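> Two chains, two frames, a set of hints: combine them into the complex.
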Amino acid sequence: MNPETKRRLRLLFSLFRPRLAALAAGFAALLAVDAMQLFIPRVIRDAVDGIAAGSADEQSLFRQGLVIAALGCGVFVCRYGWRRLILGASRQVERDLRARIFDAVLGLDAPFFHKNPPGSIVALASNDLNAVQMACGMGLVALVDAVVMTLACIGFMLAMHPFLTLIAVAPLPFLALATALLSARLHHRFAAAQKRFAELSEFCRQSFAAIRLVKAAGIEARQTRAFGRIGRSYIRDNLRLATVQGALFPFSGLMGNLCLLLVLLAGGRLVIEGAVSVGELVAFISYLFMLTWPMMAFGWVAGLFQRGMTSLSRIMKVLDSRPVMAEPSEPLPLPAMDKGVRIELSGLNLDSGPGRRLLEGIELSAGPGLLGIAGPTGAGKSLIAAVVARILPVADGCLFINGVDANRISPAAWRGLVAFVPQHSLLFADTVRANIALGRPDAGLAEIEAAARAAAIHDEIMAMPAGYETVIGERGVSLSGGQKQRLALARAILSDKPVLVMDDPLSAVDAATEQEIIANLRKIFRNRTCIVASHRFSLFEEADRVVVIERGRVTDRGSHRELAARNPWYAMVAARQAMDLKP
Amino acid sequence: MRGNFGYFEDDRPGSFSAGAIWKRILVRVRPWWKSVLLAVVLSQVVVGAGLAIPWLVKEALDRYITAAGLAPAERISGILRIAVLFCATAATGFAANFFQVVVLERCGQEIMHRLRQDLFARIISLGLPFFDRQPVGRLVTRLTNDIQNMHEMFTSVIVTLFNDILRMAAIVVILAAMNPVLAGILLLALPPLFGLTALFGRTARRLFRDIRATVAALNSFVQECASGMSVIQIFGAEDRVRSRFDELNRDNLVRNLRQIAVFAMFMPVIELFATASTAVVIWRGGSRVLEGMMSIGALAAFLHYIRLFFQPVREMSQKYSIVQSAVASAERIFLLLETTQQEPQGGGRVPRSPAGAVEFREVSFAYDGGPEVLRGFSLKIAPGETVAIVGPTGSGKTTVINLLEGFYRPGRGAILVDGVAVDELDPAWLRRFIGLVSQETLILPASLRENITLGRDIGEAALARVVEQARLGPLLSRMEKGLDTAVGIGGRVLSAGEEQLIALARALAGDPGILILDEATASIDSATESLIEEAIATTLAGRTAIVIAHRLSTVRRADRIVVMEAGRIAESGSHEDLAAAGGRYAAMLEGERLRD
Chain A
0 MNPETKRRLR
10 LLFSLFRPRL
20 AALAAGFAAL
30 LAVDAMQLFI
40 PRVIRDAVDG
50 IAAGSADEQS
60 LFRQGLVIAA
70 LGCGVFVCRY
80 GWRRLILGAS
90 RQVERDLRAR
100 IFDAVLGLDA
110 PFFHKNPPGS
120 IVALASNDLN
130 AVQMACGMGL
140 VALVDAVVMT
150 LACIGFMLAM
160 HPFLTLIAVA
170 PLPFLALATA
180 LLSARLHHRF
190 AAAQKRFAEL
200 SEFCRQSFAA
210 IRLVKAAGIE
220 ARQTRAFGRI
230 GRSYIRDNLR
240 LATVQGALFP
250 FSGLMGNLCL
260 LLVLLAGGRL
270 VIEGAVSVGE
280 LVAFISYLFM
290 LTWPMMAFGW
300 VAGLFQRGMT
310 SLSRIMKVLD
320 SRPVMAEPSE
330 PLPLPAMDKG
340 VRIELSGLNL
350 DSGPGRRLLE
360 GIELSAGPGL
370 LGIAGPTGAG
380 KSLIAAVVAR
390 ILPVADGCLF
400 INGVDANRIS
410 PAAWRGLVAF
420 VPQHSLLFAD
430 TVRANIALGR
440 PDAGLAEIEA
450 AARAAAIHDE
460 IMAMPAGYET
470 VIGERGVSLS
480 GGQKQRLALA
490 RAILSDKPVL
500 VMDDPLSAVD
510 AATEQEIIAN
520 LRKIFRNRTC
530 IVASHRFSLF
540 EEADRVVVIE
550 RGRVTDRGSH
560 RELAARNPWY
570 AMVAARQAMD
580 LKP
Chain B
0 MRGNFGYFED
10 DRPGSFSAGA
20 IWKRILVRVR
30 PWWKSVLLAV
40 VLSQVVVGAG
50 LAIPWLVKEA
60 LDRYITAAGL
70 APAERISGIL
80 RIAVLFCATA
90 ATGFAANFFQ
100 VVVLERCGQE
110 IMHRLRQDLF
120 ARIISLGLPF
130 FDRQPVGRLV
140 TRLTNDIQNM
150 HEMFTSVIVT
160 LFNDILRMAA
170 IVVILAAMNP
180 VLAGILLLAL
190 PPLFGLTALF
200 GRTARRLFRD
210 IRATVAALNS
220 FVQECASGMS
230 VIQIFGAEDR
240 VRSRFDELNR
250 DNLVRNLRQI
260 AVFAMFMPVI
270 ELFATASTAV
280 VIWRGGSRVL
290 EGMMSIGALA
300 AFLHYIRLFF
310 QPVREMSQKY
320 SIVQSAVASA
330 ERIFLLLETT
340 QQEPQGGGRV
350 PRSPAGAVEF
360 REVSFAYDGG
370 PEVLRGFSLK
380 IAPGETVAIV
390 GPTGSGKTTV
400 INLLEGFYRP
410 GRGAILVDGV
420 AVDELDPAWL
430 RRFIGLVSQE
440 TLILPASLRE
450 NITLGRDIGE
460 AALARVVEQA
470 RLGPLLSRME
480 KGLDTAVGIG
490 GRVLSAGEEQ
500 LIALARALAG
510 DPGILILDEA
520 TASIDSATES
530 LIEEAIATTL
540 AGRTAIVIAH
550 RLSTVRRADR
560 IVVMEAGRIA
570 ESGSHEDLAA
580 AGGRYAAMLE
590 GERLRD
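Sequences listed follow chains A and B, in order.
Numbering follows numbering that gives the first Met the number 0, with no gaps: position 321 of the first sequence is 320.
Numbering follows numbering that gives the first Met the number 0, with no gaps: position 547 of the second sequence is 546.
For reference, chain B alone in the conformation it holds in the complex (with noise of 0.2 Å):
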C-alpha cells in the first residue's frame, strides 16, 4: 500500500529553537553550497526570461506595432528582430527551468541520502535500553516520512519561494518604475494576502492532519475486518461492523467536506485580489494614460505582470504548510541524531587464552526503573559445558543472556567471560566470541552466503562444514543458485524454519566459543523442528552453550539444567536428577506430560 504509515503525531514543543533547526539543516546543506547557488542562478535565469517576455511584448507594441511614425518596412523588421529576442529568452527559460529542476532534485537528494545515512548509523550504534522504549514504526518513519518531508520543503520550497520572494520584488520595483502611485496602490494589498496565506496555510494543516487520521482509522477497520470476516459472520456481528464502519466513514467525509470548504473560500479570495487589481490598473491606470503619464503598452505591461504576481500567492499558503511540518519532522530528526544513549563502553581486554568459561557472580538486575528481575543470581559455567536454563515466562531467563552479551549493564555483581569482566572486555572481540540463535530472526537483502558469512572471511571448506551442520542440504538444493541465491528484500521469501536454520549457519560460521540459543525453536513446525534439533546436536559439543527452551525436549541433553523462579536459580542439575528429585523441573515435565 502507498502513502500513508500510520505517522500522525502531534507536532509537540520540542526543545530545540527554530534558529538551532535551521542552524542545523543550513550545516547539511553547506557541502552542496555550489549546487544550489547554481539551482538559484538557474531559477534566477527563469525568473528572468520569465519577466523579459511581457516586458518583450510591450517593446513590440510600443515601438513597431502602434509607432505610426515608422515605415511598415521597418516596424516589420522590428518586430522581427524582437521575435528572435523572443525565442533565445523562451529557450533559455526552458533549458535553465529543466536544469535547476534537475540539478536541485539531486542535491537534495545526496543532502537527504547522507541525513538518511548519519541517522541509521546513529540509531543502529544506540544501546538496546534506547530500543526498550522507541516503538520500531516509530524509528522507521524519523527515517522515511520525515526525511521525505524535509526533502520536499527542500525542493519544493526553498528555490521556489526564494524565487518567488524575489520574483514579487522585482515585479513591484518594474511597477514602482514604470508607475510609483499605481505600484504603491497595489502594494496595499499585500499585508492582508499575507495575514491571510498564513491563516490558511494553519488551517489547512490542522484540517488535513484531520483527515489523516480518519484515513488511517479507516484503512485501519477495513483490514481488520477483512482479516476477520469469518469470524465476523460466524459471530453474526455484520450489522454491528457495519454501523461502527458508517460512523467511521462519515466521519471522513464530515471532515473532508469541512476541507473542502474552507478551500473553496481561500482559492477564489486570492483570484479576487487579483481581479480587483486589474480593475484598479483600468480605472487609476487608463486615467494616467490619457493625462499622457503612461504608455499603452505599460498599461498591457502591468495588466500582465498583475497576472505573474498573483501566481505565487495561490501556492504559498501550500508551501507554507510544507515548511511548517517539515521543520517539524527535521526537529524530530535531529533530536534522534543528537541521542547519546550509546552502548555501554567496554573495555579493550581480551583473555590470554579464551576458553569459554562463563560466571555470574551475584548478579542483580532491573530493566530502566522497572522491577528486579535478576536477584543475586549465580552460576558458573564450565568451558564446553551445556547448560539449559528453563523456567516460566519473567523469570529472567533471556536477561541473563542480555547481561552476557554486555547490552546491559548488571545493577550489582559482575559477569565473567573467562575470568575477565565483561565491561572490560573489548565488546567487538566478545559478540564475536558468542554466537547467538534467537526466536527473531533476520535475513539481509543479499545471497544466502553473505548470509552466512556476514563478510567474514571464512574458507569455502569451513562454509562447507557449517552448511552440513546446520543441515542446509534439503534448503540449499531449493534455491536455484545455491549459496549465492539472493534472499531477503528484494530476493527469495525464506520460511521462518528456513530463517531459523539460516541464523545457526550464521552462528557457527564464526566458530563461536561460546554458543546460545534463546527459544531458537519456538515458532517453527514440527518437521523443522526435528531437522534443527538434529543440527543443533550435532553443533553443542565440545563447546560451551546456553539453551533457552519451552520444550523440555530440546533441553534433556543439557549436560546440567537450571530451573530460574523469580530472577534466582531455583533448581539445578542434570535432567534425571532433577527429574526424581520431584520439584519444580518434576512439575514442569508433568504438565508437559498432560499438555501433549
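Just chain A, with the same shape it has in the complex (with noise of 0.2 Å):
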C-alpha cells in the first residue's frame, strides 16, 4: 500500500472512529439481511420439494410460508437498522469532513485563495465531498453486500452442485468487466454533456442580461439561431450519452439471461439424469437471479470507489495547505505603540511566478499621519496595502512595525492592529448591522451608527425596508458599488484599529459625498497611521506624503503640492482634472 493510499485511510478512520459501535451494529443488520435473505430460497426449495415428493401437507406449507414470512419481517427491521446506521454514519462523517475543510479554509492565506478561486472551494465541498460519502455510505454498503452475497451464493450452489456452479458464474466476470468499462465511458460522456449544458444557460444569462442590446441592435432571431446551434451539439452529446446508457443496462441483463441458460441446459440434463431434484434446481435458479445484482454491484463500486478516492485527495491537498504566513516559532511581542505606529517597507521585491516581478525594491515609511500612493492602473499600489494588512506574505527583513520584522510577530496580533478597506468591497449576505460590526459584534448601536454616519451612509441605511437589520446581498436588497465601498468604510472605522489601510476606497462614491467622507475621516487619520492607495488625488490634499509608484517602483516621493509642481505624470493627472475647470 502506498503512503498516499495509506494517509487517505488514516483520514477516513479518524472520521468514523467516533461512530464504530453505529457501523458495527449496521453492519451486524446488514449481514442478517443478507443471511435471512439467503435463507429464504432454501425454504422455497424445501417446500417444492416436499410438494414434488409428495411429502407436503397443508400445515407444513402453511408453517413455511409463515417461516418466510417471519424471514421478510426480520429482513425489514434489519434493513431499516442498517440504512439508518450506516448512511446516517456516512452523513455525519460528510459533515465532520466539510467542518474540517471549512476549518482548514479558515486559517489559509492569499496565496492559497490565488491559486483556489472560491468556486473550486465550493466545488471540494460539495461535489467532491459527495464522491467520499457517497463511497462510504452506498458503496461501503454495496460492496459488503456485493461480497457477502457472492461468496454466499456461490457456496450454496457449490454445496448444491459444483459442476453447475462453475457453469453458471462463467459469465459473470464478463459482466463485472464490461459494468466497469461502460461506467467509465458513461461518466465521461455525461461530464461532455454537463458542460454543455452549462453553456446553454451561460448563453441564456447572457443574452438576458444585455437584452437592451439585442433589442437595439435587432439580432432576436441571429441569437435565437445561435442558441438552437449550442442546443443542437446538446442533443448529440445527450444521444452519445444514451448510446451508452442503453448498451449498459441491458448488457446485465443479457448476461443474466446467459447464465441461466446454462443452468437450464446442465441443470436440465441432470435432472432427467437424476443427479439434481427438481427442487434443487429451482433453488439454484433463484441464486442465480440473486447474483445478478452483486455482479453489476461490483462495477458500480469500483467506479463509486475511483470517484471518492480522487475526490478525497482533492480535499486533502486543502487539509495539508498551510498558510505561507505562518505563526513564528518564537513570536516577538507586539512593540510599544503609545508614541503611535511606524509601518516601514525596506527593499520590498514581490513576484508572480519566475521572472514576473511586480514590486522591485520598495522603500517607504508610513506614520503616524496619512501616506498616500499614487500611480497608473496596475503599477502596484493596492499590492503594497495588501503587504502592509498582511493579507500578501513577504520575505524576511522587508516589512517592519516600530522597528520589528512582521514575520517575527504573529499574524493574527498583526491582523488585530489593522483595519483593512479594500477595492472590492466585500459584504456579508447579514444584516447591515452585522455587516458594519464585522470586527466588533459586540459594539452598540450608537457606535455603530457614528461609523455609518463618518461613512456618509447612515441616512440611506435609515431609508432601507428594516434600516440596520435589513438583510443585504443575494437573497436580500442589493447595494450599489458607492455604497458597498461605504459600507466597507463604515466596518473599518468601527472596527478602531491603530492602522488604517485602504486601497482606493471612494472610487464609486460621487463627489459631493466623497468630500463630506474626507471631511469626517481628518479627525480619523490625525491620531492614526493610515495608508490609502488610490486614483483620487483629492485624499491626498489631506496626505502627509505622497509616493508615486510606476510599474511596480517608487518613482517619487513628496506633498501633493510638491509633486503636482515637479512630477511630470502627477502634473498630467492633476492638469486632465484642471482641464475641466477652464472655461
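Treat the hints as calculated values from the structure; they're not laboratory data.
Treat the hints loosely; a few may be bogus.
Said to hold, decoys possible - Simulated crosslink set (SDA-like; lysine to any residue; CA at most 25 Å straight-line):
(1) A:Lys483 x B:Ser226
(2) B:Lys318 x A:Trp299
(3) B:Lys318 x A:Leu238
(4) A:Lys522 x A:Ser506
(5) A:Lys194 x A:Gln244
(6) A:Lys114 x B:Val240
(7) A:Lys194 x B:Gly490
(8) B:Lys22 x B:Ala197
(9) A:Lys316 x B:Ser226
(10) A:Lys483 x B:Gly136
(11) A:Lys483 x B:Glu439
(12) A:Lys194 x B:Arg105
(13) A:Lys483 x B:Pro391
(14) B:Lys33 x A:Val243
(15) B:Lys33 x A:Ser232
(16) B:Lys318 x B:Leu160
(17) A:Lys483 x A:Leu105
(18) B:Lys318 x B:Arg29
(19) A:Lys194 x A:Thr309
(20) B:Lys318 x A:Arg83
(21) B:Lys22 x B:Leu160
(22) A:Lys5 x A:Leu142
(23) B:Lys33 x A:Arg239
(24) B:Lys33 x A:Leu238
As the structure is a prediction and not an experimental result, all values here were calculated from the model.
As C-alpha cells, then:
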C-alpha cells in the first residue's frame, strides 16, 4: 500500500472512529439481512421438493409460508436498521469532513486563495465531498453486500452442485468487466453533456442580461439561431450518452439470461439423469437471480470508490495546505505603541512566478499620519496595501512595525492592529448591522450609527426597508457600488484599529459625498497611521506624504503640492482634472 | 460547478389546470408520434421478452425436465429447442431495449429542443417592461432546469411507466389464468401498495426540496467566505463565521438524516410486501399443487412473476415525484410561452430622407406604476449635432434613450425622428438607424468579424474603416487569427475594455444616422479609456450623437450639454457657457475637480 493511500485511509478512519459502534451494528444488521435473504430460497426449495415428493401437506406448507413471512419481517427490521446506521454515519462523516475543510480554509492566506478560486472551494465542499460520502455510505454497503451475497450464493450453489455452479457463474466476470468499462465511458460522456448544459445556460444569461443591446441591434432571430446551434450540440452529446446508457443496463440483463440458459441446459440434463432434484434446480435458479445484482454492483462500486478516492485526495490537498504566513516559531510581542505606529517597507520585492516582478525595491515609511500611494492602473498600489494588511506574505526583513520584523510577529496579532478597506468591497449576505460590526460584534447601535455617519451611509441605511436590520446580498436588498464601499469603510472605522489601510476606497462614490467623507476622516487620520492607495488625488491633499508607484517601483515622493509641481505624470493627471475647470 | 442553479421555487398554484398542461404537452409530442409509438412498441418487445423467459423456464421444467414419461434423448432435445427460443428471446430483448433507449432519447431531445427554441424566441421577443420585472436567473432556469425536468419525465417515466403498468397488468392476467384465486389474493396487496407509494413520493419530494435549500445555503456561505477570507481574518471574525457555518452544516445533516429515515422505512416495506406474497404463494399455491389443481412448473413461474411484479413498484415512487416536478415545470414554461407582453407595436413608416433629427415634445414617462421619471421633457437635436446629457443618478438620462429606441412608449407627449413619431416608425428601421453603445456589453459566441457585422452585409473596405475608426488594431494584433478569432463562450475571453471597443465597432459598422453612447466608458481602466475616447472623437463628427457620461471630460467636446434634474432639463448650453454661468454644471465641475 503506498503512503498516499495509507494517509487517506488514516483520515477516513479518524472520521469513522467516533461512530464505530453504530457502524458495527449497521454492518451486523446488513449481514443479518443477507443471511435471512439467503435462507428464504432454502425454505422455498424444501417446500417445492416436499410438494414434488408428495411428502408435504397443508400444515407443513403453512408453516413454511409462516417462516418466509417471519424472515421477511426480520429483513424489514434489519434493513431499516442498517440504512439508518450506516447511511446516517456516512452523513455524519460528511458533516465532519466539511467542517475540517472549512477550518482549514479559515486558516489559509492569500497565496492559497489565489490558486483556489471560491468556486473550486465550493466544488470541493460539495461535489468532492459528495463523492466521498457516496463511497463511504452506499459504496461501502454495496461492497459488503455484494461480497457477502456473492460468496454465500456461490457457496450454497457449490454445496448443491459444484459443476453446475461453475457453468452458471462462467459469464459473470465478463459482466463485471463490461460494467466497469462502460460506466467509465458513461461518466466521461455525462461530463461532456453537463458542460454543454452549462454553455446553454450561460448563453441565456448573457442574452437576457444584455437584452437592451439585443433589441437595439435587432438580433433577436440571430440569437435564437445561435441558441439553437448550442442546443443541437447538446442533443448530440446526449445521444452519445444514451448509446452507452442504452447498452449498459440491458447488457447486464443479457448476461443474467445467459447464466440462466446455461443452468437450464446443464441442470435440465442433470435432472433428467437424476443427479439433481427439481427443487434443487429451482433453488439454483433463484440463487442465480440473486447473483445478478452483486455482479453489477462490483462495477458500480469500483467506479464509486475510484471517484471517492480522487475526491478525497483533492480534499486532503486542502487539509494539508499551510498558510504561507505561518505562526513564527518564537513570536515576539508587539512593540510599544504609545508614541504611535510606524510602518516601514524596506527593499520589498514581489514576484508572481519566475521572471515576473510586480514590485521592486519598495522603500517607504508611514505614520503616524496619512501616507498616500499614487500611480497608474496596474502599477502595484494594491499590492503594497495588501502587504501592509498582511494579506500577502513577504520575505524576512521587508516589513517592519516600530522596528520589529513582521515575520517575527504572529499574523493574528498583526491583523489585530490593522483595519482594511479593500478595493472590491466584500460584504456578507447578512444584516447591514452585522456587516458593519464584523470586527466588533459587541459594538452598540450608537457606535455603529456613528461609524455609518462618518462613512456618509447612515441616511441611506435608514431609508432601507428594515434600517440597520435590512438583509443585504443575493436574497436581500442589493446595494450600489458606492454603498458597498461606504459600508466597508464604516466597518473599518468602527473597528477602531491603530492602523488603517485603504485601497481605492471611494472610487464609486460621487464627488459631493466624497468631500463629506474626507471631512469626517480628517479626525481619524490625525491620531492613526493610515495608508491610502487611490486614483483620486483629493484624498492626497490631506496626506503628509505621497509616493508615486510606476511599474512596481517608487518613482517619486513628496507632498501633494510638490508632486503636482514637479512630477510629470502627477502633474498630467492634475492638469487633466484642472482642464475641466477652465472655461 | 455542476447541478444546482439556485433553483428552489415553491410549486405555487398556477392558472393552468392539470388537463390544460397535459394537453399542451401532448400537442408538443404529436409531431413525433411515430417515434414515440416505435419506442412503445420496442418496449413492448422488451416486456414481452422479459415475461417470456420465466415462461420458457417453466415450459422446460414441466414439459421436458420433469416429464418422466418421455425418453431422456427426447427430453434433452426438447430442452435444446427451448434453449434456441430462449437465446432468440434474450437477444431480441437486448436489442429492443437498446434501440428503445436511443429512439426515446432522440425524440425526447428533439421535442425539448423545439420547446426550448420556442421559449427562447418568445422570451427574447418580449418588451423591456417584462425584463424589468423578471430576474435573469429565473428566465435561465425556465430554459434549462425546467426543460430538463420535462425531459427527464419524458425519457425515464412516460414510456417506462406505461410499460410498468402494462407489465404488471400482464403479470396479473397470466397469474389469473394460471390460478385465479391465488392471483386474487395478490391483488389485495395492490391498493395499500399504491397508497404507500404516492404518500412516499410526496414526502420524498418535500425532503429533497428541503435538502436542496440547505445545500444551496451552505454552498453560497462557503463561496462568500472563500471570497472574503482576507476580510474575515483581518477583522478577526473567524469564530463567528465558524459557528454560523456549523449551524448550516448541522441543518444540512439533520435534513439528510430525516431523508434517510424515511427511505429506510419505505424501501424495506416494498420488499416486505414481496416476501409476504411469496409466503402466501408457498402456502396457498403449494396446497393447490397438492390438490392437483396446479403444476409445480406453474408454482415456480408464480414465484418468479411475483419478483417481476414488485420490481417496478420500488421505482414507482421516484417516478411519481419526477412527474410531479415535471408538471410544475411544464406549467411555468407554458405560462411564460403564452406571455403576451410583446414589444409595443410600431407602425410601418420610414422617413423620406432620414438625416438624424430628433425631437422630444413635452414627454412624460413613468416605469410600470412607478414615479414619473420624465416630466414634460422637451429637447430638439439637429442632424449632425452632438448632445451630451449629464445629471445625477435617477434624473432620467437613460430613460431618454429607452424612449428614443422605442423600448417603451411615452405616457404623454411625442418623440419624433426626422419628423415622424417613433410609434409610427418601422421599429426594425429605427433600430438599424440608431447605433447604441451602452455600459453592458454582449459578445456572441462567434468570430470577431461576426461580432462586428452581426450578419449585416458589410464590405471588406467598410469593415477595415470601422476597425480603424474603433481603434481595433492593437486588439486584433493580439488575436491569433485576427478578425476570424472565435470569442465568447468557448472562444477567447475578452476584457471589459476590449468588449467595449467591439461594441463601438459594431455600432459603427451599421453606419448609423444617430449614435448613442450610454455610459460607454464607465467601467474601463484609464489606458483603454483614452483609446476609446480617441475612437469616439473621430466617429462623432458629422453624425447625430447623444452622449451620456459620468466623466465630464468626455462630455465637454459636445456641441451642447444638457443638464437633467428630476426628469426635466435644468440647464443647457455649451461647456464654456455653462461653466461660466455658475449653475449646476459648474457645481458638478467643481465636484469633479475636488474628486480627482
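> List in ascending order the numbers of the hints, as given earlier, that are violated by the structure.
none
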